[in-house]
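Enquirer: Just so you know, the sequences run in chain order B and X.
Read in order, the letters of the first sequence correspond to residues 1 to 412 in my numbering.
Read in order, the letters of the second sequence correspond to residues 413 to 938 in my numbering.
Check before you lean on any hint, since a few could be wrong.
Computed Cβ-Cβ distance ranges for the label pairs, DEER-style [as the list claims (entries may be wrong)]:
#1 X:Glu705 with B:Asn297: 37 to 47 Å
#2 X:Glu478 with B:Pro8: 47 to 57 Å
#3 B:Ile122 with X:Leu760: 51 to 61 Å
#4 X:Lys474 with B:Arg223: 40 to 50 Å
#5 X:Asn832 with B:Val119: 22 to 32 Å
#6 X:Trp783 with B:Ile122: 22 to 32 Å
#7 B:Trp343 with X:Arg683: 48 to 58 Å
#8 X:Arg804 with B:Glu142: 53 to 63 Å
#9 X:Ser738 with B:Arg349: 26 to 36 Å
Treat the hints as calculated values from the structure; they're not laboratory data.
For every residue, glycine included, the Cβ atom is placed at its ideal position computed from N, Cα and C.
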Amino acid sequence: MNALRELPAWIRWPLYAFIGIFLLTVVQSISDTERLTQVATSRQMLRFAVPIFLAGLGGLFSERSGVVNIGLEGMLILGMWFGAWGSIEFGPWWGLLIGMIGGGIGGLLHAIATVTFGVDHIISGVAINILAPAFTRFLSDEVWASPTTSPQTQSVGTWDVPFLAGGTVFGWESPDWLLSISQLEVWFLSDTAQLARGLLRGTHWVSYLVIVLVPATSWLIWRTRFGLRLRIAGENPQAGAAQGINILRYKYVAVIMSGVLAGLGGAFISTELSGLFQGGNSAGRGFIGLAALIFGNWRPGGVLIGALLFGYVFGLDLRDLDGTSSHAMLLVNTIALAGVAVWALKGKRRSDAVMAVILGSLSFIWWLSTETVPSWWSDVLPFVLVLLVLVFFSQRLRAPEKLGAPYFKGSS
Amino acid sequence: MSAAIELTGITKRFPGVIANDNVNLTVEKGEIHAICGENGAGKSTLMKILYGLQPPDEGTMKVNGEEVRFSTPNDAIDRGIGMVHQHFMLADQLTVLENIILGAEPAGPGGVIKFKEAEAHLATVAADYGLTIDANDLIETLEVGERQRVEIIKVLYRGADILILDEPTAVLVPQEVEALFENMRDLKAAGATILFIDHKLEEVLEISDSITVLRHGKTVASMPNEGVTAHDLAELMVGSELPTPATEESTVTTEVALAVRGVTVADDDGRPAIEDVNLTIHKGEILGIAGVEGNGQAELVDALIGTASVSAGEISLLGEDITKLSVRRRREGGIGHIPEDRHHEGLLLEAPLWENAALGHQTQAPYGSRWLINRPGARQQTEAIKAEFDVRTPNIDVSAHALSGGNQQKLIVGRELTANPTLLVAAHPTRGVDVGAQAAIWEQIRDARANGLATLLISADLDELIGLSDRIVVMFRGKLVATVDPDTVTPRDLGAYMTGAASQNSDEGAAQNSDEGAAKNSGGPS
Chain B
1 MNALRELPAW IRWPLYAFIG IFLLTVVQSI SDTERLTQVA TSRQMLRFAV
51 PIFLAGLGGL FSERSGVVNI GLEGMLILGM WFGAWGSIEF GPWWGLLIGM
101 IGGGIGGLLH AIATVTFGVD HIISGVAINI LAPAFTRFLS DEVWASPTTS
151 PQTQSVGTWD VPFLAGGTVF GWESPDWLLS ISQLEVWFLS DTAQLARGLL
201 RGTHWVSYLV IVLVPATSWL IWRTRFGLRL RIAGENPQAG AAQGINILRY
251 KYVAVIMSGV LAGLGGAFIS TELSGLFQGG NSAGRGFIGL AALIFGNWRP
301 GGVLIGALLF GYVFGLDLRD LDGTSSHAML LVNTIALAGV AVWALKGKRR
351 SDAVMAVILG SLSFIWWLST ETVPSWWSDV LPFVLVLLVL VFFSQRLRAP
401 EKLGAPYFKG SS
Chain X
413 MSAAIELTGI TKRFPGVIAN DNVNLTVEKG EIHAICGENG AGKSTLMKIL
463 YGLQPPDEGT MKVNGEEVRF STPNDAIDRG IGMVHQHFML ADQLTVLENI
513 ILGAEPAGPG GVIKFKEAEA HLATVAADYG LTIDANDLIE TLEVGERQRV
563 EIIKVLYRGA DILILDEPTA VLVPQEVEAL FENMRDLKAA GATILFIDHK
613 LEEVLEISDS ITVLRHGKTV ASMPNEGVTA HDLAELMVGS ELPTPATEES
663 TVTTEVALAV RGVTVADDDG RPAIEDVNLT IHKGEILGIA GVEGNGQAEL
713 VDALIGTASV SAGEISLLGE DITKLSVRRR REGGIGHIPE DRHHEGLLLE
763 APLWENAALG HQTQAPYGSR WLINRPGARQ QTEAIKAEFD VRTPNIDVSA
813 HALSGGNQQK LIVGRELTAN PTLLVAAHPT RGVDVGAQAA IWEQIRDARA
863 NGLATLLISA DLDELIGLSD RIVVMFRGKL VATVDPDTVT PRDLGAYMTG
913 AASQNSDEGA AQNSDEGAAK NSGGPS
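Next up, chain X with everything else stripped away, as it sits in the complex (with noise of 0.2 Å):
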């Protein structure tokens, strides 16, 4: 019996990166096959290659055995290939059952919508692959849970048997997990063929029959889930070789720059995204926050700046408590922000290089007072930027986006850093720039932090974790569980921290800890 699946020397290149390089896959029929990987490994891009929503560059693909070339995601389905998004594609004041026959409707003269046929069918499917669902209730009164098997009948009801789930766990809570694993037992029990990309160790471990482990878009493993365990797991996913880190002498002070007590954030859904923080940043320390994205680091991010309320908890800078306190006082207070989007959060892409300057410190000197700009005082200021910070431009009155992403991302971090900030919060620094542009705002950051600023790093890049941080404290689903040197951490237990494999401690000894671990590095007493 041939393969349900099998991908053979797949390669697909964007500008600058390969996102997926010779990657091999065979999943087999019937079968629950899980493909993990760092963010970043490539893993979405393969599944819209599967999907048809991009085509590859090189390699073959077989479907049930015969070659495929999609090149529409309905290509794909005629085939039998369904896609469950990570982010639902339902529209909330339509009924189940519309969301459902859309683009499929069974209809008769005139267009007219054949709703008893389309529910019976529907009601075929679901007890076929034992789902149940109300075809009648409007999807914005239904769980998370809920819309989510709204999204996978949607699939079968067209016909699919080989389901992609794009980190079908990301959006649960652990009781809607269970009940979405049990119902992928249920699909597998009636001849469904799943493919599924996770990154949480021990649910790969629960539910997949196999595991392909996808690093810097290669393949590095594929295996059945027999004898595997979540430390084989991690250290396949982050790699055996890390950077020796850069020896330096420690910079960090007995002062604390930052305390964050307890903080609690809730999202949209009023589940709080980051749940009782607690984090100590003295002043000349990096403190590194290691983490798979979408753990709560930029609800984190947003409580420190002020972007988000929290609703449990208490921040302050210098011994000042700023949790009420808003944006722009935050700023004027010493707080300075690189984002993680710098066209998004970071700069006015239509607007002159001085006027991006003066942003988020048009109130204070040299740039402008409470009420008026001070032009030349800004353009001057922008003048010193360039300089000092290696910003290659023709003149500061330029617009944003005719810069280079280094050059922008040296722009934000001159902004941020020439206003002589006491806590710097800095999320993914060096982010899509270039070689040169990266040392030289690594070079930046340190010499900051021996003048004594507090920086919170957070970055995917384990190297750039690694080589600047004090201390490193990992987030797991909105939690610190774990405090580590970066000069003595594995990569074996990094990766495991991150994933959930492990937890050394809850989040208060981590604060414990972290107190512990600065006056250990600063040498002062205790």
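Extracted from the complex, chain B is given alone in its bound form (with noise of 0.2 Å):
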């Protein structure tokens, strides 16, 4: 893992695709579906992805602040519900500002609550998530006179990637590369062509806007005296105050960004991806993107993969009508549990070594007496993958070091 971690970004990013997709090609090889890597898989994977890393990456700035945001959830219902509105009235590109703007409100909110009056934010948190899905729907009934769904949205809409996923050039079709190479049906080769081709063709614009946001953050949190002093206020505030730094002040431009971030991934939510706002079609995805962000260990790289993670099994569980996909998955469950007890292992952690064979021997024996799985294990999936990450990757996570804690101005 170390060794990994050393490689320059340009190798090791690719390294961990083919790794993924190498499991994947191995496990569907000796299994009965055909799901594991087709289009339509990996453009799921994307549509569940890029909101659950919006929030992730809203949790980021929040908790980089050293305030927890368990309210994502509820900013990002309010960015569905704004960006719904403002692409009805003014457009769609509107709609996604506007969104971000609902979802920012939402970070004030949290801010006042937690950085201001002191008030838990685990507290403060929980309020906006009851809050926000209550006031979405009383707005819905205001605006629309239907409390639960919106009229049609105006979308940004889609982009094909030229030549690779026969996008169009000034009117011309251009080649589809991609699609040519997995119509070769050469073993892995056309597996990774069709996955790529999810992502590339049919993608939203704010799909893209995703990939820069990754290398932005980074630079951002890194480089720049913002992110310096966005970081002294999640490690040491105290610290930072005694060097004259206003923390209060970050704190809240942290929290809000996360709001306005998380805002834009619940506009994606409903101008993009539903077509309309629809009360419940976040599905949870402001969690599942603190999961992410955790997993993550607080990094925008680590949201991604997390997010990518987490959206992949949300998305072939939707396509997974008759349980196989799920039962391969079991296999590709087993055979992580059993890279993870190597490692543990090697790290003389000898606990989770046995806990890691021990789930791992379960999952293998389940996969071997069954043909198919329940359509409820596949919706559970992903919260199991998150508990088994936090199990045994928690020791090498590094939260901020004042998350969660109150300051106030001259405390020490």
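Hints are included, so try docking the two chains, each in its own frame, into the full complex.
Expert: Structure (structure tokens):
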């Protein structure tokens, strides 16, 4: 693991992708499913992953500044409603912007409660999560005369990448290379092409933005004055204050940004994915975003990996009507747990290794003894995944030092 | 040439206390000036005033000959004054460089930090003052001494040439202290002025050019470090008038209540906070622990009441090994505890008095049984405490924070003593209470002693320690360094032991001594 970490980013990232796809391909070739590497699977993954990532990235800003943000779900819901409303009233891009503002207002509320009044972060977050669905329901009733759904929204739309995925350039339809490769039906190579094509064809504009946000956030957090001060607010606010930094201001900015990003995620769900506002469409993706944040060790790239991982499982679940794909995922679990066991043994963490072996064996026995799995299993799988990650990786995770601690000006 | 710092007639009052009373201090340029005094002598307040954290009520301050008035630390920094806090202000997950530049980051457009420029400036500063540090290490990988160096460089990076070091050696092991002194000499050679607070006399004498001694908020002496001995300083710090101890008949028996054998407790960093401590307290005896705060007293209390686990040694109560028992079992077994900080450890401030009275005894009659609280019993007992210990309150249903400090403390003392403990661990039992409550608490402890209570008394108040104790042991750097008789001890000796200027014998000797002392006091055969 450490050797991996020392590789430069441009080798490391493709390597992660290679390992992941290879694992899926191997499992698929000894299973009864073809969905693990289909175009539609990776497309679904992305559709789920983008809001999760945006919520997680929002959480990153908030938590880096020391404020726990369990209210991401509520802010995402606010973004959903305001995004839909803005899109219907003013047009698609305005929808996204107004959705961001809606989420930002949720963030502001959280900031006022936690930063100014020192309310417990969890309590304030839960309050926002309760408030947001009720408030949007009320607004829907007032504005659209229907508490649950809105009229059709306008969408910013999608874009196909030319050459790789057959996008059009000035009206000319370019070749679709990835399609050609996938039609070759070469083991692994075609699988990779299919998964890649799902990411590049019919992809929402917002999804491309997400790719830009990863390096942009990293740069902001680690290279700029704003980032350094944001981090000190979460690591040791007293030390920052002793150097004359206005800690409260940075916390405010961070928590509001957190709401803005979650709001963008919400607006993406209502305007781009569903095409309307509908209560309950958030499907808990704000919470999953928080899990992705923890999985990603409070780093932008890690949050993206977490979002893609959870998005994949959700996306697969959606398409897995007969339970064969989730059945194949049992084998993926087994192999992953075996990897964890080896890694834990190397690190001389015996209890972790034993637990990984037991869970891996159970997963393997289940896979051997059945042909399909019940549908509830694929519903809970993402959450099981989150728990497993926290169990095995928590010692390596490093939350900001003063995360969740109340801070008052002049306190020490 | 004008002095680097000149303070005249500085007075600072807090409600009920005068922290600084007409303090004068002159620090010449390029010297190392030590400020010593006991805890509560007003050193820290004076430094906070100088660093702009608190304004003085009266008095004038001059820096490099110019009169100044600071309202924030930034004003002090602008005048070239930097402070190195005793508790480091560093973020563990940030690099050395990030910690140092924080708040003074050289940044280009868009707020992009010019890390290269910062690193170059840091290298220049470090080279100028002869300090070495690796800019890209994470703070969490550094030793305590290195972290302190980062704190010093942080101050120098901002251009300060007058440094205030607040008890810099308190957190260091001896080798690190040597390294710090080496750095301080280099800083001085490079032209810096250093003002440092310390109460370890041999250190003060080793490193300083001049010394100012504070006692009870007043300047008692200011002199160059020539021909001064540790004993002189100790006497200045403690003061020469000591109260006559209350002469009372000894109630010490030969029956051992508490025996502590070779107990070691490690602190968070794994260093021994107390090491190989041996103690014996007999029934009817009050054993006083003298020592400057932070020399292991708190850890000793934790070990006795069971909130810290001991890494070596054995504790026994009435001959029964309690080393591994839980806090509750120990309390049930007869250990009472008056905690050092009544708000944090003694009371639930939001809870009514009768609940507070039941705290720690909730499993015992009359407060309750193993599973249930006996409300009438608890209330009745609380009424009894209220009457017997003169807790002034309208009723026992008011919440604890409504009481004055003295009445809160009387409630705690009452709670602990009505349970008839074998051993009472009393940490600063009268700290911050008014004179009346103080006298009442002393009386209660004396009465309990007459009934056979063994008491471990920790106090920063020497009057209290000498007046109440049958025997005093001195704790220094986690070890018991001396046993003295309160009837005959001189302030000079006590001060010297407390500050490490003298030591009597090894701790095994102290233990032996304690047994002999008890036997002698009680008149029984040894």
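Enquirer: Confirm or reject each hint.
Expert: To see whether the hints hold, each was checked on the structure:
no.	hint	verdict
1	X:Glu705 with B:Asn297: 37 to 47 Å	holds, 40 Å
2	X:Glu478 with B:Pro8: 47 to 57 Å	holds, 54 Å
3	B:Ile122 with X:Leu760: 51 to 61 Å	violated, 22 Å
4	X:Lys474 with B:Arg223: 40 to 50 Å	holds, 43 Å
5	X:Asn832 with B:Val119: 22 to 32 Å	violated, 44 Å
6	X:Trp783 with B:Ile122: 22 to 32 Å	holds, 30 Å
7	B:Trp343 with X:Arg683: 48 to 58 Å	violated, 33 Å
8	X:Arg804 with B:Glu142: 53 to 63 Å	holds, 59 Å
9	X:Ser738 with B:Arg349: 26 to 36 Å	holds, 29 Å
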